[in-house]
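Taken in order, these protein sequences are the chains called A and B. The working numbering puts the last residue of the first sequence at 113; the count rises by one with no breaks. The working numbering puts the last residue of the second sequence at 1111; the count rises by one with no breaks.
In short, the hints are calculated from the structure, not lab data. Any given hint could turn out to be false.
[Stated by the list, open to error] Taking lysine to any residue pairs in the SDA-like style, the calculated list, with each CA pair at most 25 Å apart, reads:
| id | chain 1 | residue 1 | chain 2 | residue 2 |
| --- | --- | --- | --- | --- |
| 1 | B | K1042 | A | I26 |
| 2 | A | K57 | A | F103 |
| 3 | B | K1042 | A | L110 |
| 4 | B | K1071 | A | G42 |
| 5 | B | K1068 | A | L100 |
| 6 | A | K57 | B | G1095 |
[What the hints assert, rightly or not] Which stretches of chain A does chain B cover? Using the computed rule of at least three CB atoms under 8 Å from a CB of chain B, they are:
| id | region |
| --- | --- |
| 7 | 43-52 |
| 8 | 99-112 |
Ideal Cβ placement from N, Cα and C applies to all residues, glycine included.
Spelled out from the first residue to the last, the chains are:
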Amino acid sequence: KAGVTQTPRYLIKTRGQQVTLSCSPISGHRSVSWYQQTPGQGLQFLFEYFSETQRNKGNFPGRFSGRQFSNSRSEMNVSTLELGDSALYLCASSLVGQGLEAFFGQGTRLTVV
Amino acid sequence: GESVGLHLPTLSVQEGDNSIINCAYSNSASDYFIWYKQESGKGPQFIIDIRSNMDKRQGQRVTVLLNKTVKHLSLQIAATQPGDSAVYFCAENTGTDKLIFGTGTRLQVFP
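All chains, please: the whole structure from these sequences, using the hints.
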């Protein structure tokens, strides 16, 4: 069955702009988590959605937001982009959430210039 | 994929040898652990997981050992192959909805 699909794979934005990233989880999975990966900070948890509800949120500013649709697809949005937001954004899909058997997509590489 | 900075620990092994990658976790309440492999240009790939009620679990060519007394996790790869070259991450979960990742170890396999 298809894996986790993230679109787009690459993005270049300028400071101050906003961006929306998309994640389609594995079919049947109801949990979607988002992570930011940077060389300096490693993999850091952004938020997790389960059945359209945000269940947990990491320590990121309010510029980072997300949502989940009834088909479990999820989007995350970053507003007022800063240079430090340049990172690989990863989405993980899980059947029941709680980090159990979480499978990752290929990520979206965001570059802010 | 994303390498984790210039200070990423590196393990170099010869093809065919066994590899052992170690991970220390911080939270004694963590009850679930996963090992991921990340190759260049790709997202983390699930390798194997283990719950805290176990101390060993085996997969295909991989074994995970959990020592809760010293909060230590290891991944053993048997007969390491060039295709095993990647960055390996351990991740822990304390029963919340997020995984906490380690900094990663780069495995280099040379012929």
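These are the hints, each one checked on the structure:
no.: 1; hint: K1042/B / I26/A; in the structure: 17 Å, holds
no.: 2; hint: K57/A / F103/A; in the structure: 19 Å, holds
no.: 3; hint: K1042/B / L110/A; in the structure: 14 Å, holds
no.: 4; hint: K1071/B / G42/A; in the structure: 20 Å, holds
no.: 5; hint: K1068/B / L100/A; in the structure: 19 Å, holds
no.: 6; hint: K57/A / G1095/B; in the structure: 14 Å, holds
no.: 7; hint: 43-52; in the structure: holds (count 5)
no.: 8; hint: 99-112; in the structure: holds (count 9)
This entry satisfies every hint, going by the numbered hints stated previously.
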